[in-house]
Amino acid sequence: MPKISYIEAVTSAIREEMARDENVFVLGEDVGKRGGVFRATNGLYEQFGEERVIDTPLAESAIAGVGIGAAMYGMRPIAEIQFADFIMPAVNQIISEAAKIRYRSNNDWQCPLTIRAPYGGGIHGALYHSQSIEAIFANVPGLKIVMPSTPYDVKGLLKSAIRSNDPVLFFEHKRAYRLIKGEVPDDEYTLPLGKADVKREGEDITVITYGMCVHFAMQAAENLAKEGYDAHILDLRTVYPLDKEAIVEAAKKTGKVLLITEDNKEGSIISEVAAIIAENCLFDLDAPIKRLAGPDVPAMPYAPTMEKYFMVNPDKVEAAMKELADF
Amino acid sequence: MSKLRHHQLGLTDDDVIAMYETMLLARMIDERMWLLNRAGKIPFVISCQGQEAAQVGAAMALDKDKDYVLPYYRDMGVVLHFGMTAKDLLLSGFAKAEDPNSGGRQMPGHFGQKKNRIVTGSSPVTTQVPHAVGFGLAAKMKRQDFIAFTTFGEGSSNQGDFHEGINFASVHDLPVIFMCENNKYAISVPLEKQLNCQHVSDRAAAYGIHGETVDGNDPLAVYEAVSKARKRAVNGEGPSLIETVSYRLTPHSSDDDDSTYRAKEEVEEAKKLDPIHTFEEYLHGAGLLSHEGKEEIRSKLRNIIDDATDYAEKAPYAEPETALKYVYGEE
Amino acid sequence: MATEITMPQLGESVTEGTITKWLVKPGDKVNKYDPLAEVMTDKVNAEIPSSFSGTIKELIAQEDQTLGVGEVICTLVTEAEGQAAPTAGTTEPEKAEPAAEAPLHASTSQDESENKRRYSPAVMRLAQENNIDLEQVQGSGRGGRITRKDLLAVIASGHLLEQKEATSTLAPAAAEVQRQTAAVKTVSVPSGKVEEIPVSGVRRAIANNMVKSKQEAPHAWMMIEVDVTELVRYRNKIKEQFSKKEGIKLTFLPFFVKAVVDALKEYPEINSMWAGEKIIRHRDIHISLAVATETELYVPVIKHADEKSIKGLAKEMDSLVQKVRTKSLKQEDMTGGTFTVNNTGSFGSIQSQPIINQPQAAILSVEAIVKRPVVLENDAIAVRHMVNLCMSLDHRVLDGLICGKFLGHIKNTLENIREENTPIY
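In order, the protein sequence lines correspond to chains U, R and W. Under this note's numbering, the very last position in the first sequence is 476; numbers go up by exactly one each time. Under this note's numbering, the very last position in the second sequence is 599; numbers go up by exactly one each time. Under this note's numbering, the very last position in the third sequence is 432; numbers go up by exactly one each time.
Do not take every clue at face value.
Straight-line distance between alpha carbons at most 25 Å, and here's what the computed DMTMM-like set of lysine to aspartate or glutamate pairs gives [to be verified]:
no. : chain 1 : residue 1 : chain 2 : residue 2
1   : U       : Lys152    : W       : Glu78
2   : W       : Lys156    : U       : Asp475
3   : W       : Lys412    : W       : Glu232
4   : U       : Lys152    : W       : Glu54
5   : W       : Lys32     : W       : Glu54
6   : R       : Lys383    : R       : Glu533
7   : R       : Lys410    : U       : Glu178
8   : R       : Lys410    : U       : Glu165
9   : W       : Lys123    : U       : Asp379
10  : R       : Lys309    : R       : Glu589
11  : W       : Lys246    : W       : Glu314
If you anchor each label on the Cβ, the simulated ranges turn out as follows [stated by the list, open to error]:
no. : chain 1 : residue 1 : chain 2 : residue 2 : range
12  : W       : Pro56     : R       : Gly504    : 45 to 55 Å
13  : W       : Leu408    : R       : Ser567    : 56 to 66 Å
14  : U       : Gly223    : R       : Ala531    : 43 to 53 Å
Facing chain W, a subset of chain U residues (Cβ under 8 Å, in silico) [unchecked claim]:
no. : residue
15  : Arg188
16  : Gly274
17  : Tyr277
18  : Arg324
19  : Gly404
20  : Phe432
21  : Asp433
22  : Leu434
23  : Ala436
Source of the hints: derived by calculation from the structure; they are not laboratory data. Where is the CB? At the ideal position from N, CA and C, for every residue including glycine.
Input sequences plus hints: build the corresponding full structure.
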């Protein structure tokens, strides 16, 4: 199988879906001629033309809102928000509109819209180019939030998101774009939304996380394996709605659970994961549920010292895993 | 050639009688809703009264078999012309399961009915404007000759979605008609505290599109403006911003008391221009509507509304646990 | 010595770059900010400037070679580096953060030797399911804590460390008490000043009976309210005279007990008990009466209550209360009850959920009589003397319907008490 980068998986999923279905189109800032500031839509403008790869005015609410209108008509828009941090002007459109269209119309209308946005820190992006914003949307029924960790998952899940008849927020880790490479089959495949994935089998502790932190955990697990600790790693992949069954199963497997996010800690995705485990796994728990996350400050600062202090990294993950394994 | 204005606009005598009937039906349903509210039978009403001419005049200028409408909460006249019935609207008033707008999930005035291309709406204002642009974009991409028609109050013309949506449609020359139903109040805030330009339509110039203000009490004037806007839209000449000026004859909603912010005399003055009466006078002058004819229409509509009220009141509510349905599609 | 020049990060998300062309060769002198090489990345094409002035020593990367951000592309001897100088990168190499930076050490401050007996829910469950004596398990966790894995290993080994069955020789009832006592022992006591009160025999008997009743009998609960305005009027009218004549006070309780007894006669189903395979219905009516002292609760019995007048009941109650106060109650005074009346109203209670006095099938609380505005039959509002009667019933024996009828009978009796139909003697 060929190895491709995380961002190439994004591009190739969009390209294949555009070729497969003429209702699929891309809209966003700089997505056309420039091919996206991260080059995620590289080459699509040349292949599909300016009508299907639309450079929009700089107005996020319109990007989302026009996408919603087109989706209600029956198109399959893929809206790009240049940085997840800049999604705020579109939040009314996403939460009040996209999420509720099916419900409020009693299933008469639907909104098959995909909104892609790069998120995440560790790239010297400071407060407004580094944030994880999934928690804002993670108590909004009607939305699905996908945050894949590997090129294989990116491609399979992005295709499913585009084909989904519901609005999907697809958050891509910008540091993973070129750092993470992986095997992706040439043959057509999709992956189910709403399903977590066991990335490593183990007996001693369970790590549940998503996005870039999956890689930190995998790396730490390999180091700890040399010391005789055997970690079980569950990648949530879809962070809303959560795969409760997989979470409960993974937690019960070892009874010691570490939850990781690079988002601020309080009210984060892993807070909900912790609640699910607390509700379902009391008599299988062998240690308090542990959370490793960013501190509760507004966002990570620019200076490398402070950024590093904020960010979750493999060393912090390894220390937390060892701590729990020794409990 | 006839000197009658509607003939000059290409409307037949039957057309204008139908126009009148739809306006009157909207008015009479609205009045019934208030009665039901004040009798404690339905929790909420939000009115179309005073804006029926703008709504029906505009709707009749559209192609109701092709075009998509994205109405705002007062647009009973628009949705009636596009195929919603008195029964549908009363089912919505009573929040019954059979309500085609939402199955009793949304408050009245939140219109939506896919089979009639009435696009579902919400309560936060102006969100429908970018949606209309999305429909316009789809029309252009799919080479279809429908247009998207959306309405909103003058208060909404200050929202970001108004500006973002119109600008997007203008840049891409999309077939969209933005119609501002200026009824002079955003709940209690009068026009002079909402904008500092003379007309809402003045804002069209900034986006490089056609802008026009017309008398919202005159259905024929609105018909004419929207007909031309539609022609431009389907000819690829881009969107238009039409402003219809009328007056909100009722409080903002059944939960509002307008005597706290405007004088009774002002409302009485506005009632002299009530489009139902002024249009009746026009039809009378044209020899199309006698006193008896008027009464005949009123009694016909009253029967329709009575039947609709009875039906809706007796209709069942949705089963409580169906509140869990339709969060996501079945995939 | 030479300084290493590394691949810079050219843009967010960029992790590698390709040297497309070297602009210098070994031996070239370069000034700070002179271009060294052309580099192509996914996002930009750029020239890499030198960060130092000096002489190029070695080109490490080949043209068209792709290197990760931070990898060395060439070395250079700076002007300052004549003699032995330390190696320095253009960027500081990423050093692993000491793990101590992570804020994870909250738990290590506890006294670690205590952890041997800190059992997690998973460990408790496994120990119970497999009958393992945790005292005999070696803990491998921090501070000797027994982990889930330790128990899984014990179970897998097949050498189950069984709990010593100290209780197995005891009678079931005693075992039950033992269990309860054991449960008490494991209560975690919040820190702070406490006082320990030894459990008296009576207290223990109360505790055991209450636990037994609550565990065995499915309690259902009903309440009715009764208008006793006429009763109050009647009793107030005659109480002075009664007191003078009989030497004891006339309280409301005898009237209530009388009404209960009449209802029990009408509905003998209530006057019964659960006996496993059968229900036993008593012909005699013996009313247990709950009598409280400051610290204890006694339930003496009015035998054959159905044979007594109001006066007779009043006398008997007075005598039993005196016995309780003087601690002269005998065992036979407290046995044989078939139904219990509980005078919670004497503490001011207006509602209670009494625990059934096993093995009886029901218990009734008489709450405080209070004045309340009441809507009468004719829709007028009047201030009336109202009382709540609360009844707990053993749902194995009784159902709501019969108890509703029973309570209705009592209500009817009490509301219609008049001088002419309710003689005291």
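Hints, one by one, checked against the model:
1. U/Lys152 - W/Glu78: It holds: about 22 Å lies between the C-alpha atoms, which stays within 25 Å.
2. W/Lys156 - U/Asp475: holds, 11 Å
3. W/Lys412 - W/Glu232: Distance of about 14 Å is within 25 Å: holds.
4. U/Lys152 - W/Glu54: Since the Cα atoms of U/Lys152 and W/Glu54 sit roughly 29 Å apart, the hinted pair is violated (cutoff 25 Å).
5. W/Lys32 - W/Glu54: holds, 15 Å
6. R/Lys383 - R/Glu533: Given pair R/Lys383, R/Glu533 is violated - Cα atoms ~43 Å apart, limit 25 Å.
7. R/Lys410 - U/Glu178: At roughly 22 Å apart (the allowed maximum being 25 Å), U/Glu178 and R/Lys410 satisfy the hint.
8. R/Lys410 - U/Glu165: Holds. R/Lys410 to U/Glu165 sits at ~20 Å (cutoff 25 Å).
9. W/Lys123 - U/Asp379: Holds, because 23 Å separates the two Cα atoms, which is no more than 25 Å.
10. R/Lys309 - R/Glu589: holds, 23 Å
11. W/Lys246 - W/Glu314: holds, 22 Å
12. W/Pro56 - R/Gly504: 45 to 55 Å: With Cβ atoms ~51 Å apart, the hint holds.
13. W/Leu408 - R/Ser567: 56 to 66 Å: Taking Cβ atoms as reference, W/Leu408 and R/Ser567 lie about 57 Å apart, which means the hint holds.
14. U/Gly223 - R/Ala531: 43 to 53 Å: For U/Gly223 and R/Ala531 the Cβ distance comes to about 49 Å; the hint holds.
15. Arg188: With a minimum Cβ separation of about 6 Å from chain W (threshold 8 Å), the hint on U/Arg188 holds.
16. Gly274: holds, 6 Å
17. Tyr277: Nearest chain W Cβ about 12 Å off; hint violated.
18. Arg324: holds, 6 Å
19. Gly404: Cβ of U/Gly404 sits 4 Å from chain W, so the hint holds.
20. Phe432: holds, 4 Å
21. Asp433: Cβ of U/Asp433 sits 5 Å from chain W, so the hint holds.
22. Leu434: Holds: closest Cβ of chain W sits about 5 Å from U/Leu434, inside 8 Å.
23. Ala436: Check passed: Cβ of U/Ala436 comes within 6 Å of chain W, closer than 8 Å.
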